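Number of protein chains: 2
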Amino acid sequence: MSLPQDIRITDVGPRDGLQNEKSVVSVGDKVAFINMLSLSGVAEIEVSSFVSPTWVPQLGDADEVFTNIQRREGVVYSALVPNLKGLMRALEVKLDKIAIFAAASETFSRKNINATIDESIERYRMVVKEAKQSSLRVRGYISCAVACPYEGPIDPSRVRQVAQQLLDLGVDEIDLGDTIGVAVPTDIELLYDELEGLLDPSQTTLHLHNTRGTALASVYRAMELGVFSFDASCGGLGGCPYAPGAAGNLATEDLVYMCEQMDCQTGVDLEKLFAAGRHITAALGRSLTGRVFNADGEETRTGNS
Amino acid sequence: MSLPQDIRITDVGPRDGLQNEKSVVSVGDKVAFINMLSLSGVAEIEVSSFVSPTWVPQLGDADEVFTNIQRREGVVYSALVPNLKGLMRALEVKLDKIAIFAAASETFSRKNINATIDESIERYRMVVKEAKQSSLRVRGYISCAVACPYEGPIDPSRVRQVAQQLLDLGVDEIDLGDTIGVAVPTDIELLYDELEGLLDPSQTTLHLHNTRGTALASVYRAMELGVFSFDASCGGLGGCPYAPGAAGNLATEDLVYMCEQMDCQTGVDLEKLFAAGRHITAALGRSLTGRVFNADGEETRTGNS
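Chains as they are written, first to last, in the working numbering: chain S, 1 to 305; chain Z, 1 to 305.
Hints are computed from structural coordinates only; laboratory data are not their basis.
Be aware that a few hints might be false.
Simulated crosslink set (SDA-like; lysine to any residue; CA at most 25 Å straight-line) [unchecked claim]:
id	chain 1	residue 1	chain 2	residue 2
1	S	K272	Z	K272
2	Z	K272	S	G152
3	Z	K97	Z	N112
Computed from a predicted model, the values in this text were never measured in an experiment.
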């Protein structure tokens, strides 16, 4: 079984993480957090979202955040864009990539973006066209790629269908999201089995939540299948602050630890990542849920004589 | 890749979990906890340890606990036994299995049981002989099977050597322990590669701690290799109460969730396991660290329409 020799990490903490925290973080703290992430070595940072501040007040300052962060050579800076209005805002701040977000569940699509899946694809058609004309890369998210909070398990064939629709629009990459954190390794296998012929595992990004502790097991199975691009969130941001350890994105630190121990390079400096995590959790007034962060200071495999 | 169709779970919470908690739990609470675990469907329960109460005051009541629990048909009840004196105590309470504990690290062996590895094997020789004469099954633990808190990484060949010594003593099973919770899937692979010809993966039990969040990924890799016997701890007991989520055994609930979702039977009823976890964590005055327990009430894959 050969695993990838390196993986590519997109830290979605500033967007998917902060969007799901109760507290609103100041522009200054966000900028400092993102700058620290830039220094940590992650390949890409999902900085914010250009959705209406009415929907997601936590990210209402996307323009200001983008204007103030320091761009580091080689790091890709991206943001969610829901429509042409959002794209116009995005174009003003000069980012590298936008992400549009479809779902594999009709109910989730309607509840999340008030459109059927087909309507959402149509809505994104002009967004992708305009983005490409401005030389922006486009990521196409597929939410509920394993299960939906309303419909339950999602048949992988529905994911394939939406992936096909997004590829037809001209997106550069497909990001498969286990939105509610239920996936186990066999789900990952079934998903990529179904995508065969349309998308090779190495052409996708996997976005996992660690709600039930299974995210790293699913990452490992995905790596066996050839996936090397993963989303994660510094400090496991994104969980409910009232149930520590309960939900949240896969913690970037845990992903980095596992991969590096398997001789798979991530390019990330854990200490610098911890610094970013300490900064943002102090700003949120909560503790980090990542296991590796909390294990810092425990016995390590390098020995403590 | 074919996975086992069912796994066998030993809940080590009452022993490995409680031994590493600062608080001492009353006999009554332990008995209630173990009775609840018996009803949950786990195959085996490591009830306590017959080491000297001077060493492990948390488990000084082993005899009383064993006398008061209700044995459930089909469940195996076991305990750690360090020497002949401990075995005499164990024989009085009528258990099904004892466990002796060697290590793959010389430094850990000396610090943990004040004996070299070879001395510990000699010490156990009579214990195993007497236990077998009394028709007890014997588990042989190998601590630090991946890394040692003092020596760092442990060469798998040292694990093989100790496994051979334990098998020569006549133990019925070998339990490989990642004592400090550093293992990643490739460590598991290397370990079983080294054991080839001596022990098939299906003949071992794997004992993982989730200190760095990698335990389920390692379980998954082990299952691919044919391992179907795992230790876990109800509620993820065993962590430091001052760093929630930091350390602790792999939570039984998380193991059960992952396996059942992969159509691998565990025989465990999660609701009954949650009840046991709620009981013991209330007694300890702490919260459960298992992810699945904390996800209870979140959206589930079965839908909540």
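Satisfaction of hint between G152 (chain S) and K272 (chain Z), Cα-Cα up to 25 Å
holds, 23 Å
Need the status of pair K97 (chain Z), N112 (chain Z): alpha-carbon distance at most 25 Å?
Roughly 22 Å separates the two Cα atoms, so the pair holds.
Given hint K272 (chain Z) paired with K272 (chain S) - CA-CA distance at most 25 Å
The given pair, whose Cα atoms are some 42 Å apart, is violated under the 25 Å limit.
Hint compliance for this structure: hint 1 is the single one not met.
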